[in-house]
Amino acid sequence: MSSDTALQWVKSSYSGSEGGQCVEVATHPTAIHIRDSKTAADTDTPHITVAPTAWSAFLAW
Numbered sequence: 001m002s003s004d005t006a007l008q009w010v011k012s013s014y015s016g017s018e019g020g021q022c023v024e025v026a027t028h029p030t031a032i033h034i035r036d037s038k039t040a041a042d043t044d045t046p047h048i049t050v051a052p053t054a055w056s057a058f059l060a061w
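The opening position of the sequence shown corresponds to residue 1 in this note's numbering, with each subsequent residue numbered one higher.
Derived by calculation from the structure, the hints in this document are not laboratory data.
Quick reminder that beta carbons are idealized off the backbone N, C-alpha and C, glycines included.
Treat each hint with caution, since some may be false.
Per label pair, the in silico range of CB-to-CB distance [stated by the list, open to error]:
{"no.": "1", "residue 1": "T27", "residue 2": "W61", "range": "15 to 21 Å"}
{"no.": "2", "residue 1": "A51", "residue 2": "A6", "range": "17 to 23 Å"}
{"no.": "3", "residue 1": "T30", "residue 2": "A60", "range": "15 to 21 Å"}
{"no.": "4", "residue 1": "W61", "residue 2": "A41", "range": "27 to 33 Å"}
{"no.": "5", "residue 1": "T43", "residue 2": "S12", "range": "18 to 24 Å"}
{"no.": "6", "residue 1": "V10", "residue 2": "A51", "range": "17 to 23 Å"}
{"no.": "7", "residue 1": "W61", "residue 2": "A6", "range": "15 to 21 Å"}
{"no.": "8", "residue 1": "S56", "residue 2": "Q8", "range": "29 to 35 Å"}
{"no.": "9", "residue 1": "T49", "residue 2": "Y14", "range": "18 to 24 Å"}
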């Protein structure tokens with residue numbers, strides 16, 4: 001993926017409504033992207049990218 005703007009970010013349903021404690025995830029067939037929602041407006045902010053198998057293993061842990 002070349003741009004964060006092309007990704008469909010989804011906020012965790014466990015995130016609080018006050019903001020600031022949220023994780024957002026964008027899925028793609030070849031990669032899972034994870035970011036802090038506090039920095040969502042800044043497309044230059046780094047995020048973590050992992051393989052779908054690594055994401056599945058993390059969720060199963």
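Against the structure, the hints come out as follows:
Between T27 and W61 the beta carbons are some 18 Å apart, a value that agrees with the proposed interval 15 to 21 Å. Checking the proposed 17 to 23 Å range against A51 and A6 shows it holds: the Cβ atoms sit about 19 Å from each other. At roughly 20 Å, the beta-carbon separation of T30 and A60 lies within the given 15 to 21 Å, and the hint holds. Here the CB-CB span from W61 to A41 is close to 31 Å, well matched to the stated 27 to 33 Å.
Range check, T43 to S12: about 20 Å between beta-carbon atoms, so the 18 to 24 Å window is met. Roughly 18 Å separates the CB atoms of V10 and A51, a value that falls within the hinted 17 to 23 Å. Distance hint for W61 and A6: a CB-CB separation of about 29 Å, inconsistent with the stated range 15 to 21 Å. One distance hint, 29 to 35 Å for the beta-carbon pair S56 and Q8, is violated here, with the actual separation near 19 Å.
The hinted window of 18 to 24 Å between T49 and Y14 holds, with their beta carbons roughly 22 Å apart.
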